[in-house]
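Visitor: Each chain, letter by letter, is given below.
Protein chains: 6
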Amino acid sequence: MNKLTHFDDSGQAHMVNVGDKANTHRIALASGLITMLPQTFDMVMAGNHKKGDVLGIARIAAIQASKKTSELIPLCHPLVLTHVSVEFQPNQETSSISCHVRAETTGPTGVEMEALTAVQVALLTIYDMCKAVDRGMVMDDIRLLEKSGGKSGDWKAPK
Amino acid sequence: MNKLTHFDDSGQAHMVNVGDKANTHRIALASGLITMLPQTFDMVMAGNHKKGDVLGIARIAAIQASKKTSELIPLCHPLVLTHVSVEFQPNQETSSISCHVRAETTGPTGVEMEALTAVQVALLTIYDMCKAVDRGMVMDDIRLLEKSGGKSGDWKAPK
Amino acid sequence: MNKLTHFDDSGQAHMVNVGDKANTHRIALASGLITMLPQTFDMVMAGNHKKGDVLGIARIAAIQASKKTSELIPLCHPLVLTHVSVEFQPNQETSSISCHVRAETTGPTGVEMEALTAVQVALLTIYDMCKAVDRGMVMDDIRLLEKSGGKSGDWKAPK
Amino acid sequence: MNKLTHFDDSGQAHMVNVGDKANTHRIALASGLITMLPQTFDMVMAGNHKKGDVLGIARIAAIQASKKTSELIPLCHPLVLTHVSVEFQPNQETSSISCHVRAETTGPTGVEMEALTAVQVALLTIYDMCKAVDRGMVMDDIRLLEKSGGKSGDWKAPK
Amino acid sequence: MNKLTHFDDSGQAHMVNVGDKANTHRIALASGLITMLPQTFDMVMAGNHKKGDVLGIARIAAIQASKKTSELIPLCHPLVLTHVSVEFQPNQETSSISCHVRAETTGPTGVEMEALTAVQVALLTIYDMCKAVDRGMVMDDIRLLEKSGGKSGDWKAPK
Amino acid sequence: MNKLTHFDDSGQAHMVNVGDKANTHRIALASGLITMLPQTFDMVMAGNHKKGDVLGIARIAAIQASKKTSELIPLCHPLVLTHVSVEFQPNQETSSISCHVRAETTGPTGVEMEALTAVQVALLTIYDMCKAVDRGMVMDDIRLLEKSGGKSGDWKAPK
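Chains as they are written, first to last, in the numbering used here: chain A, 5 to 163; chain B, 5 to 163; chain C, 5 to 163; chain D, 5 to 163; chain E, 5 to 163; chain F, 5 to 163.
Next comes chain A alone, as it looks inside the complex (with noise of 0.2 Å):
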C-alpha cells in the first residue's frame, strides 16, 4: 500500500491539502557536515577569524535558501518563518565543519524542508568559496535531527 501522501489515491502528485490543520507553533533542527583537506580546512579557518569570511557568507546564503524552501522543492507548502539560525563547527581532527540549523514557524505545515534546504545550501556555499583550492570535498550526513509540533508530535533522530 502506497501511503505517500503527496500522491493522491490515483498516484498523481498534488499540494497536500492542509486547510484544515492547527496553526501551531513548529521547529525543526537538521544538520549536514563537509570534509576537506587539511590545508583548505586551515584557510577556512583563518578566514573566519579576520578576513575572508567562508562561513559568515554561508550563513547568509543558508539564511536566503530558507525563504526560497518552497520554490525548489515542487510539492511543498509556502510558509512564513518566523526564526532562522544557522550555527558552524569546525572539528580540525576530521577536517570538516557541521552546520546545525534551526528553522521556525507558526501554521499549518512543518519546517523540516527549511531547515534542511538551508543545511544544503550552507555547504554547498562552503564548496563554491573553496573549490579553486580543493574539488574533492564532500558533503555528508544531511539530515533531520529533530522536529516539533502539528499533528504528528514531536520526533528525535536516534543516535
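Careful: at least some of the hints might be erroneous.
Same chains, same names: a pair is fine if it fits in one copy or spans any two.
[Stated by the list, open to error] Straight line, CA to CA, 30 Å or less: simulated BS3-like cross-link-like pairs of lysine-lysine: (1) LYS25 to LYS7; (2) LYS7 to LYS163; (3) LYS155 to LYS7; (4) LYS160 to LYS7; (5) LYS25 to LYS155.
FYI, nobody ran anything at the bench for these hints, they're computed from the structure.
Chain A is fixed; fit chains B, C, D, E and F onto it per the hints.
Guide: Frame of chain A; chains B, C, D, E and F shown alone:
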C-alpha cells in the same frame, strides 16, 4: 597565505572577474545518495514503475534547481546552461538511491555548482515526498565526480 | 464610472487594501485545454502510461507556477496556498487535453489567479514538450469555473 | 515511436543538449485573446486612454514574464532575450482584446516559449484587473503565429 | 555594547525570532526623490499625461519589488502584504520627482523594508527609462517617514 | 519630441531591440551613501572589525541583488555579469558610510542598472540591520559615477 579566489586582496568577498576568460565547453558530473528504511525504498520503487512517481518529480526539481544556482550561491556567476540530465540508481541492498547529474555550458565559468545544486535538490525532493513515512532518511556522499573545460583543465575525483 | 478596484480614485494602480477583510476559506476551480494533431495526442498518451510522462511534468510545473502567481501578476496579493491539485482529461476525439486546477487558501483574498496561472503553465508546459513535433497546438477556453469564500460569495460559470 | 525530444532513450526527462547548436538570430510571434462583457470592455478602453491603464500594466507584466520563462517551464533553456514587444488590439464587436507578442534572441534555442508565456501573462493580468466586475472572461486562441531562425528553419501558422 | 538585533550573543547573523510577537496591523510610509535635467523632467511629464508613461511603469515596478523584499534583504522575514500604494510628486522648479510609498500588513513584523524597497525600485526604474538621455540623475533623501503598529509603537521622522 | 528609447513610436513600452548591437566589454561604477546617528555608526564599525559584520552582509546582499536587476527593473535586458565588487567607505565625521559598486559584462547592453541596484540593496541592507536602533537613517547621492563600453562610449559624472 589565503588563496581563496572569492576574496580580494583585502579579504572582501567579490564576484570574481571572468571577463578575460575564454568561452569553452564545460562539463561537470556530480553525485550523491539518500538512504532510507527498506519499506520506504519499496514504496519509492513501486511508484517509479506505475503511479506516485517520486523520482520523476525529483528529476524535474533537480533540473529546475540547476537554473537557480546563481540565485542560491552568493558568489556564483550567472551562466546559460546548455544541457542538464539527472539519473537515479536504486540500490535495494542498502535501501538507498543515488543521483547522478551532468551539467554543461559554453562559457567562461564552470558548471560544478549547477551539477551539485541539482543533486542536492533531487535528494531534498525525495526526502520531502517520503518524510511522512520516514523522517530519518540521510543524504550522503554529495560530491563532484568530474569536470572538464576551462583554464584549470580536467579533473576526476580519486576513487 | 470606472469601478476597477485595482485603481484608486485618481486612476493610479495600487495593491488593493485587504487589511480589513476577514480570513475565510477560499476555493477556486479553473480550466483550459490544448488541442493538437492526432499523432501528437497519441504520443502524449503513450508517454502518460509508461515513459516520457508529459502530463506528470506539466502537473508539477502547474503546482510550482501557482506558488509564483503574485510574482507574475503585478497587483496580486501574496498568499499562502493550502492546497493545489491538477487533473488532466484527454479527449481522443478532438485530440485535446483539458486541465482542471483546484486551489485553496485561508485568507483575506481569493485564489482565482493562482488557479488560472496553474492552468496556463500546465498548458504551456505541454506545448513546450511537444513543440518539436507540432508547433500549431492551440490553447483555448481558459476560464474560472467556480469560486467560493470571501465577501463576494460563491460564483459559478454559466454553462 | 516517441520522438519527443525532451525525453532521452529511456523515456526520462532532460534539458536537451544544445551545446552543438549554432547561435542564430531567432524570432517568435505569438498571440491570444480574452473575451469579456461589453461593459467590461468599455471600462478597459476608457482606462486605456486616460486613467486606469489596464493594458499598460498588462504589457509590463508580459515583458517581465517573458524573462521568467525558463523558471516556469521545467525543461526550457535559460536564454538572453534581445527584444520583446507587446501589442493589444481591441475588438469592440466581440468585446475582446487580442494580444500579440514578438520575442527575439541570438542563441542556440528558440524563443517560442518566451513569446507564448508573455501572451499568457498579459491575458491573466487583464483578467486579474477586471475580475471584480466580470469573473466570466475567457482566454482563447493562444498560439504561435510564426518563428524564424535555428536549424528547423521558418514556420508560419496555417491560416 | 552591540544591540543590533540581527546578531546573536556571539555576533552571528540570524533571522530574529518573531514567533512570540503578536500579529498587529502595521503601516510604513517611506519616500525618496530623483533629480534630473530640466529637459528630462519635461519628457517624463509629457509622457505621464499621454504616451510613454514612465511613472506608471515605475509604480508597477515598485509594487512588484515590495513583494520581493525578503528575497533581497538577507535577514528580512517573509510577510504577507495587505496593501501597497505608490504616489509620485513632480517638482518643476527642482526638476525632481519624489516618490511616496505606503505599505501595510497584519503580522508579527514591520513593513518598513517593503516600503523602502518599493521607493528604491521606483526611482531605479525612472533612472532606467531616462538614462539614454540623462546619465547624471541622482537619487536622494530615501528614508522612512512614519511607521505604526508593533511593540515598538509609532514613529515619525523629525521634520 | 520624446526620445525615451524604452517607448516605441506609438508611446508603448517595449524591451528595446539590442539584437544588432555588438558584444563589447562594459563597465559601470555607481555609488551612494547612508547617514546615521553617531552611536549607530560606532556599532557598525565595531561589528566590522570583529563580530556582527553588517557591512559583510550588505556586500553579499548587493552582489546577489545585482544578479536580480532584470527581474526588478521591468524593461532591463537580462545579462550575464562577469564581475561585481562592492566597497564601503566609512566617514566618522559625517556618521555615514558610502558604497561603491563596480559591475562588468561582455555583451550588447550596459551594466549601469546592475551597479545602481547593488548600491541600493547594500544601503537597504545596512538600514535593515540597524533600524532597531536608528529609524531615521537617510540614503543619499545614489548615482552613476562612470561607464565605459558600448556604442554610446564612455561617460563620467561631472564633479
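Visitor: So, against the hints stated earlier in the document, which numbers end up violated here?
Guide: Violated hints: none; all satisfied.
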